[in-house]
Amino acid sequence: LNIHNIYFSVIQSHEELKECVVDCLKYLIVNTSLDVIEEFYTRENAAKISQSIYTCLSIAVTEKSFSLRIAALEALIALSYVHDSVDASEVVLRNDVANIIMLFLPGIVKKLQEIYQGSDVQHHKITLMAVRALGRIVALVMEDLVKNTEVSTLPALPQMSSSTSDPLGIQLNQEGRQGMEKHIKTVVRNQEWLDAAADKLQAPMRDLINLKKHSHYKVRKELAVTVILLLTKCPSNLRQSFAELTEILITLSEDDVPEVRDLANSLLSQVNNIVTQYKMRSIVETLEERFYKLLTKLPRIIRRSDDAAQLSYLNQLAGYLRLLGKERLPQIMTSIAHLRRLILSLVYVAELDCSDVTILEENQLRTIEDVVDSRRSWKKFKFIRDSTTEEKLILICSLLSSLGELSILVNSIFELITDMPHYRKELTLLLNWMLKSGYEAPVSLLRQVVDYYTDPELWYLPIQDEGTSLRQLQYNVVESCLLTEGLGILASVLKEDYHQFLLKTLYLVIERAGSGHGMISLVGLQTLDHIANAQGKKSITDLIRENVDYISYHVTIKLRRVEKNPGVLNVVAVVMKYSTMDVLPCLKEIVEDALTQLGANFQKANVYSLLKVLYTFTVCLKQLLGISESVKKKEEEKEINIAERVIENLLEHCESKKVSEDFENDELGGSPEDILKDIENREDENPDYNATEENREPPMHIKIIESIMKQCLHFLPSKDMAKLLLSMQTLQEGIFILKDWTDQLLPIVHEIWHPLVDRFQDSNILIINTAWQLLFTLAQVSEDFIRSRTLKQVSPGLAKFLNDSAKDSYKKDSKNGYKFTQKFKLQRLLLMQMGPVTRYLKLQEPDLWKLVTITEPYLDCYQQPELQKCCVNLYKEIADLNGDIVWVKCISLWHSHVSKVSPDEGFSIDLELEKVNDSSNKYVKNLKTIFRYIDEKIRMVDR
Numbered sequence: 001l002n003i004h005n006i007y008f009s010v011i012q013s014h015e016e017l018k019e020c021v022v023d024c025l026k027y028l029i030v031n032t033s034l035d036v037i038e039e040f041y042t043r044e045n046a047a048k049i050s051q052s053i054y055t056c057l058s059i060a061v062t063e064k065s066f067s068l069r070i071a072a073l074e075a076l077i078a079l080s081y082v083h084d085s086v087d088a089s090e091v092v093l094r095n096d097v098a099n100i101i102m103l104f105l106p107g108i109v110k111k112l113q114e115i116y117q118g119s120d121v122q123h124h125k126i127t128l129m130a131v132r133a134l135g136r137i138v139a140l141v142m143e144d145l146v147k148n149t150e151v152s153t154l155p156a157l158p159q160m161s162s163s164t165s166d167p168l169g170i171q172l173n174q175e176g177r178q179g180m181e182k183h184i185k186t187v188v189r190n191q192e193w194l195d196a197a198a199d200k201l202q203a204p205m206r207d208l209i210n211l212k213k214h215s216h217y218k219v220r221k222e223l224a225v226t227v228i229l230l231l232t233k234c235p236s237n238l239r240q241s242f243a244e245l246t247e248i249l250i251t252l253s254e255d256d257v258p259e260v261r262d263l264a265n266s267l268l269s270q271v272n273n274i275v276t277q278y279k280m281r282s283i284v285e286t287l288e289e290r291f292y293k294l295l296t297k298l299p300r301i302i303r304r305s306d307d308a309a310q311l312s313y314l315n316q317l318a319g320y321l322r323l324l325g326k327e328r329l330p331q332i333m334t335s336i337a338h339l340r341r342l343i344l345s346l347v348y349v350a351e352l353d354c355s356d357v358t359i360l361e362e363n364q365l366r367t368i369e370d371v372v373d374s375r376r377s378w379k380k381f382k383f384i385r386d387s388t389t390e391e392k393l394i395l396i397c398s399l400l401s402s403l404g405e406l407s408i409l410v411n412s413i414f415e416l417i418t419d420m421p422h423y424r425k426e427l428t429l430l431l432n433w434m435l436k437s438g439y440e441a442p443v444s445l446l447r448q449v450v451d452y453y454t455d456p457e458l459w460y461l462p463i464q465d466e467g468t469s470l471r472q473l474q475y476n477v478v479e480s481c482l483l484t485e486g487l488g489i490l491a492s493v494l495k496e497d498y499h500q501f502l503l504k505t506l507y508l509v510i511e512r513a514g515s516g517h518g519m520i521s522l523v524g525l526q527t528l529d530h531i532a533n534a535q536g537k538k539s540i541t542d543l544i545r546e547n548v549d550y551i552s553y554h555v556t557i558k559l560r561r562v563e564k565n566p567g568v569l570n571v572v573a574v575v576m577k578y579s580t581m582d583v584l585p586c587l588k589e590i591v592e593d594a595l596t597q598l599g600a601n602f603q604k605a606n607v608y609s610l611l612k613v614l615y616t617f618t619v620c621l622k623q624l625l626g627i628s629e630s631v632k633k634k635e636e637e638k639e640i641n642i643a644e645r646v647i648e649n650l651l652e653h654c655e656s657k658k659v660s661e662d663f664e665n666d667e668l669g670g671s672p673e674d675i676l677k678d679i680e681n682r683e684d685e686n687p688d689y690n691a692t693e694e695n696r697e698p699p700m701h702i703k704i705i706e707s708i709m710k711q712c713l714h715f716l717p718s719k720d721m722a723k724l725l726l727s728m729q730t731l732q733e734g735i736f737i738l739k740d741w742t743d744q745l746l747p748i749v750h751e752i753w754h755p756l757v758d759r760f761q762d763s764n765i766l767i768i769n770t771a772w773q774l775l776f777t778l779a780q781v782s783e784d785f786i787r788s789r790t791l792k793q794v795s796p797g798l799a800k801f802l803n804d805s806a807k808d809s810y811k812k813d814s815k816n817g818y819k820f821t822q823k824f825k826l827q828r829l830l831l832m833q834m835g836p837v838t839r840y841l842k843l844q845e846p847d848l849w850k851l852v853t854i855t856e857p858y859l860d861c862y863q864q865p866e867l868q869k870c871c872v873n874l875y876k877e878i879a880d881l882n883g884d885i886v887w888v889k890c891i892s893l894w895h896s897h898v899s900k901v902s903p904d905e906g907f908s909i910d911l912e913l914e915k916v917n918d919s920s921n922k923y924v925k926n927l928k929t930i931f932r933y934i935d936e937k938i939r940m941v942d943r
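Counting along the sequence shown from 1, when you hit position 468 you're at 468 in UniProt numbering, and nothing is skipped either side.
No lab work stands behind these hints: they were computed from the structure.
Heads up, a few of these hints could be off.
Okay, the calculated beta carbon distance ranges per label pair [as the list claims (entries may be wrong)]:
{"no.": "1", "residue 1": "H14", "residue 2": "E114", "range": "22 to 30 Å"}
{"no.": "2", "residue 1": "E181", "residue 2": "S33", "range": "41 to 49 Å"}
{"no.": "3", "residue 1": "K326", "residue 2": "R290", "range": "16 to 24 Å"}
{"no.": "4", "residue 1": "A203", "residue 2": "P258", "range": "47 to 55 Å"}
{"no.": "5", "residue 1": "S33", "residue 2": "V188", "range": "23 to 31 Å"}
{"no.": "6", "residue 1": "K703", "residue 2": "E440", "range": "50 to 58 Å"}
{"no.": "7", "residue 1": "K807", "residue 2": "S718", "range": "26 to 34 Å"}
{"no.": "8", "residue 1": "D356", "residue 2": "I209", "range": "46 to 54 Å"}
{"no.": "9", "residue 1": "R304", "residue 2": "Y862", "range": "51 to 59 Å"}
{"no.": "10", "residue 1": "R290", "residue 2": "V188", "range": "28 to 36 Å"}
{"no.": "11", "residue 1": "K380", "residue 2": "E440", "range": "27 to 35 Å"}
{"no.": "12", "residue 1": "T32", "residue 2": "K326", "range": "32 to 40 Å"}
{"no.": "13", "residue 1": "K815", "residue 2": "Q761", "range": "49 to 57 Å"}
{"no.": "14", "residue 1": "H14", "residue 2": "P258", "range": "43 to 51 Å"}
Straight-line Cα separation of at most 25 Å, DMTMM-like style, residue types lysine to aspartate or glutamate; simulated pairs [unchecked claim]:
{"no.": "15", "residue 1": "K723", "residue 2": "D804"}
{"no.": "16", "residue 1": "K48", "residue 2": "E114"}
{"no.": "17", "residue 1": "K823", "residue 2": "D758"}
{"no.": "18", "residue 1": "K612", "residue 2": "D386"}
{"no.": "19", "residue 1": "K218", "residue 2": "E114"}
{"no.": "20", "residue 1": "K564", "residue 2": "D419"}
{"no.": "21", "residue 1": "K379", "residue 2": "D195"}
{"no.": "22", "residue 1": "K842", "residue 2": "D743"}
{"no.": "23", "residue 1": "K537", "residue 2": "E563"}
{"no.": "24", "residue 1": "K558", "residue 2": "E457"}
{"no.": "25", "residue 1": "K823", "residue 2": "D804"}
{"no.": "26", "residue 1": "K185", "residue 2": "D207"}
{"no.": "27", "residue 1": "K564", "residue 2": "D720"}
{"no.": "28", "residue 1": "K436", "residue 2": "E327"}
{"no.": "29", "residue 1": "K379", "residue 2": "D356"}
{"no.": "30", "residue 1": "K185", "residue 2": "E143"}
{"no.": "31", "residue 1": "K710", "residue 2": "D740"}
{"no.": "32", "residue 1": "K380", "residue 2": "D356"}
{"no.": "33", "residue 1": "K807", "residue 2": "D743"}
{"no.": "34", "residue 1": "K297", "residue 2": "D386"}
{"no.": "35", "residue 1": "K792", "residue 2": "D758"}
{"no.": "36", "residue 1": "K185", "residue 2": "D195"}
{"no.": "37", "residue 1": "K928", "residue 2": "D884"}
{"no.": "38", "residue 1": "K125", "residue 2": "D307"}
{"no.": "39", "residue 1": "K900", "residue 2": "E866"}
Here the structure is a predicted model, which means the values were calculated and not measured.
From the three backbone atoms N, C-alpha and C, an ideal C-beta is built for every residue, glycine too.
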């Protein structure tokens with residue numbers, strides 16, 4: 001069967017023919033009787049066997065067809081007489097075959113090496129078959145001739161004697177055909193030849209190491225089988241490659257796939273048996289030096305390798321640690337030099353990247369739900385990119401802790417932190433990972449760790465100091481997170497026994513959980529959750545409830561020197577966030593103490609901090625009571641026809657005119673007694689008023705909020721912007737809590753009014769913005785109680801602002817930086833919230849007309865797009881209250897800016913809107929939108 005051309009190369013086409021030929025060759029060998037096989041594998045047939053092997057290897061290397069390449073490799077295995085059907089008991093026949101295959105071993109190994117070194121793009125089965133063929137053929141040829149009772153493990157071969165010239169016949173092969181024929185007849189597979197061949201096989205054996213990181217687990221599994229085959233069949237002849245082959249098994253014993261991992265672990269025990277049988281030095285002693293070399297080169301490898309290579313080398317390190325075990329690893333740790341090399345190699349591998357760490361604070365307090373939602377790890381490594389690699393590094397630290405001496409590790413890391421402070425965060429991280437396996441560690445050792453972590457000099461690293469560089473601040477933020485995380489790990493390890501450290505650490509961890517730095521807060525909440533679970537509590541709330549007395553005591557003490565204990569505000573925020581109504585008495589003590597200090601120390605620097613306590617309590621109480629700020633839904637309009645609607649609007653107009661006159665005659669700014677009389681008169685007029693409500697006693701939390709709001713009133717005229725803004729925000733939150741307690745609410749609303757009106761005259765737009773939000777809340781809660789004073793004292797200033805700022809926002813597109821200014825934010829807020837305010841204050845036609853007139857510049861298509869949208873929505877909301885006002889205003893604008901509207905001819909929406917293009921006038925686009933909305937609304941009423 002000749003598939004060669006005249007130049008003895010495989011023909012280029014006819015893949016089916018070639019596949020049939022190699023399949024035929026395989027089946028001929030597999031199904032031939034033993035007597036034929038014995039006659040076939042002789043030196044006389046060596047040339048024919050060589051030609052067949054060369055053909056199979058050429059096809060396996062050069063062809064593109066997957067099935068053809070597999071068939072060629074299977075035929076090669078059959079030709080080498082190492083297929084699955086071979087009877088292993090036929091020792092003589094195997095020896096005869098080996099004496100023939102030895103002639104072609106260099107070429108076979110070279111071609112197979114070329115195949116299994118192919119990239120992962122190559123189908124994994126081709127790589128697998130190449131590894132299988134290599135292992136079986138090398139094991140056949142290199143099998144030990146005599147079972148020596150002792151095998152030297154020296155890394156170098158003994159020097160060849162001068163009489164040994166060329167055992168492999170390399171020079172004869174270079175002499176042409178005659179030299180090759182002589183080589184075939186004279187070469188002998190003796191120990192001298194085996195030693196020379198073993199020397200040449202070192203490079204291919206080393207290249208097998210690269211396959212331990214192959215992406216497909218079946219290749220790695222076949223690699224393990226091949227390695228153990230070589231180690232069991234050729235322990236003496238391949239002694240120079242013994243360490244490399246064993247290293248492969250060590251690495252595979254930590255494989256992620258259980259099938260590969262379990263197989264490699266079982267094979268490692270066979271390696272130990274081989275070492276014992278051949279009286280080699282202990283395998284641990286043999287590989288110990290390689291272990292040290294791995295530690296030295298590991299950082300360089302990790303920094304330069306891809307994810308698969310990183311995982312492979314870390315698997316190798318983990319395998320070494322398991323192999324050393326509890327017998328040898330503690331002995332290695334007793335050597336300071338070796339232990340430092342071990343720890344520092346892990347430090348360089350686990351180096352953290354802090355470049356993206358922010359040092360800016362957040363305004364929002366995180367919750368444990370935020371922690372659950374944030375699935376990404378907050379840690380970012382410089383060289384480790386895959387989570388699997390990180391998990392393997394954690395496993396290595398766990399092995400060091402469980403198999404070695406944790407106390408030695410802890411003390412060594414503490415010393416390294418002192419000697420190498422720039423690697424403090426990495427050393428802390430490694431120690432945390434080691435502590436995860438510290439279940440059997442003595443409590444005294446863990447107490448030493450707790451004391452070290454909570455040492456004030458380490459715990460309170462500067463994270464906002466202006467005199468510290470940005471890089472150092474970023475390092476300090478990460479270090480603070482790691483220290484906090486370490487306490488959570490200890491809590492998880494100790495479970496209920498952590499109670500002995502609770503009083504020392506709980507306040508500190510709560511302080512971290514309330515930090516303004518998002519990352520520190522995240523880790524603090526995670527640690528609180530771990531502590532709660534360790535103490536058998538279902539949640540952080542239960543943990544705080546049980547320890548609220550201890551916490552409130554410390555808070556009260558530290559609040560008196562808040563300038564020296566700024567973290568106490570973080571504790572207050574967390575405690576109040578996770579409190580329930582049953583711990584309100586303890587929180588009351590904190591609030592009352594803050595109120596007392598505010599009254600006594602009005603001018604001191606800690607006023608803002610005390611106001612922050614009041615604000616935090618108010619916000620958390622509102623959330624605890626389940627009070628929502630959502631705008632009330634609009635009442636559904638009655639479905640009436642147009643004629644009835646006109647009549648109803650006329651009647652409403654007459655009534656509203658009378659009401660408006662009454663309000664105009666009202667002397668605004670009366671005393672609280674006058675306000676209360678007015679309230680009583682309204683109650684007398686209301687037949688549904690329940691007289692029993694007059695005497696109901698407000699609960700404790702209402703009294704506290706009332707006291708807080710009265711204290712905050714003192715800061716409304718303040719020139720300190722921070723205190724002023726915080727006071728207005730506290731009042732805004734408190735008003736929602738008092739909305740159902742009219743007797744407490746309305747007097748405070750009256751007291752708020754005069755200083756609040758003055759805030760609208762401030763030159764700082766941020767103050768006006770906050771003042772408007774407070775006014776909006778007042779309108780929501782007290783409704784028409786402040787209508788008249790709002791129209792007379794606030795509206796003119798806001799109208800002037802909207803008119804003047806419309807010039808600034810003119811011709812500003814959505815990409816312009818104007819949208820980031822405070823002026824734009826106030827414009828948008830006013831346009832968004834004026835609609836609901838008209839509903840809350842029950843404004844009548846004259847006031848609605850003024851409002852649509854004030855805001856009409858924002859219907860211009862050259863206005864900032866977002867402001868245009870808000871203005872159109874405002875017109876729609878006013879149309880829901882009084883569609884005629886909006887209709888008349890839009891007709892007026894159409895008449896003035898688009899086209900004349902004749903009163904005799906009327907105005908047809910469909911006809912007019914079709915005639916005019918959107919781009920013909922700056923008002924057309926937005927007016928069309930409003931016209932269509934009103935028209936659709938009328939059609940719905942008609943239906």
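Quick rundown of the hints versus the structure:
{"no.": "1", "hint": "H14 - E114: 22 to 30 Å", "in the structure": "holds (24 Å)"}
{"no.": "2", "hint": "E181 - S33: 41 to 49 Å", "in the structure": "violated (29 Å)"}
{"no.": "3", "hint": "K326 - R290: 16 to 24 Å", "in the structure": "holds (20 Å)"}
{"no.": "4", "hint": "A203 - P258: 47 to 55 Å", "in the structure": "violated (32 Å)"}
{"no.": "5", "hint": "S33 - V188: 23 to 31 Å", "in the structure": "holds (28 Å)"}
{"no.": "6", "hint": "K703 - E440: 50 to 58 Å", "in the structure": "holds (54 Å)"}
{"no.": "7", "hint": "K807 - S718: 26 to 34 Å", "in the structure": "holds (32 Å)"}
{"no.": "8", "hint": "D356 - I209: 46 to 54 Å", "in the structure": "violated (36 Å)"}
{"no.": "9", "hint": "R304 - Y862: 51 to 59 Å", "in the structure": "holds (58 Å)"}
{"no.": "10", "hint": "R290 - V188: 28 to 36 Å", "in the structure": "holds (35 Å)"}
{"no.": "11", "hint": "K380 - E440: 27 to 35 Å", "in the structure": "holds (32 Å)"}
{"no.": "12", "hint": "T32 - K326: 32 to 40 Å", "in the structure": "violated (55 Å)"}
{"no.": "13", "hint": "K815 - Q761: 49 to 57 Å", "in the structure": "violated (34 Å)"}
{"no.": "14", "hint": "H14 - P258: 43 to 51 Å", "in the structure": "holds (44 Å)"}
{"no.": "15", "hint": "K723 - D804", "in the structure": "violated (29 Å)"}
{"no.": "16", "hint": "K48 - E114", "in the structure": "holds (23 Å)"}
{"no.": "17", "hint": "K823 - D758", "in the structure": "holds (19 Å)"}
{"no.": "18", "hint": "K612 - D386", "in the structure": "violated (42 Å)"}
{"no.": "19", "hint": "K218 - E114", "in the structure": "holds (19 Å)"}
{"no.": "20", "hint": "K564 - D419", "in the structure": "violated (31 Å)"}
{"no.": "21", "hint": "K379 - D195", "in the structure": "violated (52 Å)"}
{"no.": "22", "hint": "K842 - D743", "in the structure": "holds (22 Å)"}
{"no.": "23", "hint": "K537 - E563", "in the structure": "violated (34 Å)"}
{"no.": "24", "hint": "K558 - E457", "in the structure": "holds (19 Å)"}
{"no.": "25", "hint": "K823 - D804", "in the structure": "holds (11 Å)"}
{"no.": "26", "hint": "K185 - D207", "in the structure": "violated (32 Å)"}
{"no.": "27", "hint": "K564 - D720", "in the structure": "holds (22 Å)"}
{"no.": "28", "hint": "K436 - E327", "in the structure": "holds (22 Å)"}
{"no.": "29", "hint": "K379 - D356", "in the structure": "holds (10 Å)"}
{"no.": "30", "hint": "K185 - E143", "in the structure": "holds (21 Å)"}
{"no.": "31", "hint": "K710 - D740", "in the structure": "holds (18 Å)"}
{"no.": "32", "hint": "K380 - D356", "in the structure": "holds (9 Å)"}
{"no.": "33", "hint": "K807 - D743", "in the structure": "violated (44 Å)"}
{"no.": "34", "hint": "K297 - D386", "in the structure": "holds (20 Å)"}
{"no.": "35", "hint": "K792 - D758", "in the structure": "holds (13 Å)"}
{"no.": "36", "hint": "K185 - D195", "in the structure": "holds (20 Å)"}
{"no.": "37", "hint": "K928 - D884", "in the structure": "holds (16 Å)"}
{"no.": "38", "hint": "K125 - D307", "in the structure": "holds (23 Å)"}
{"no.": "39", "hint": "K900 - E866", "in the structure": "violated (29 Å)"}
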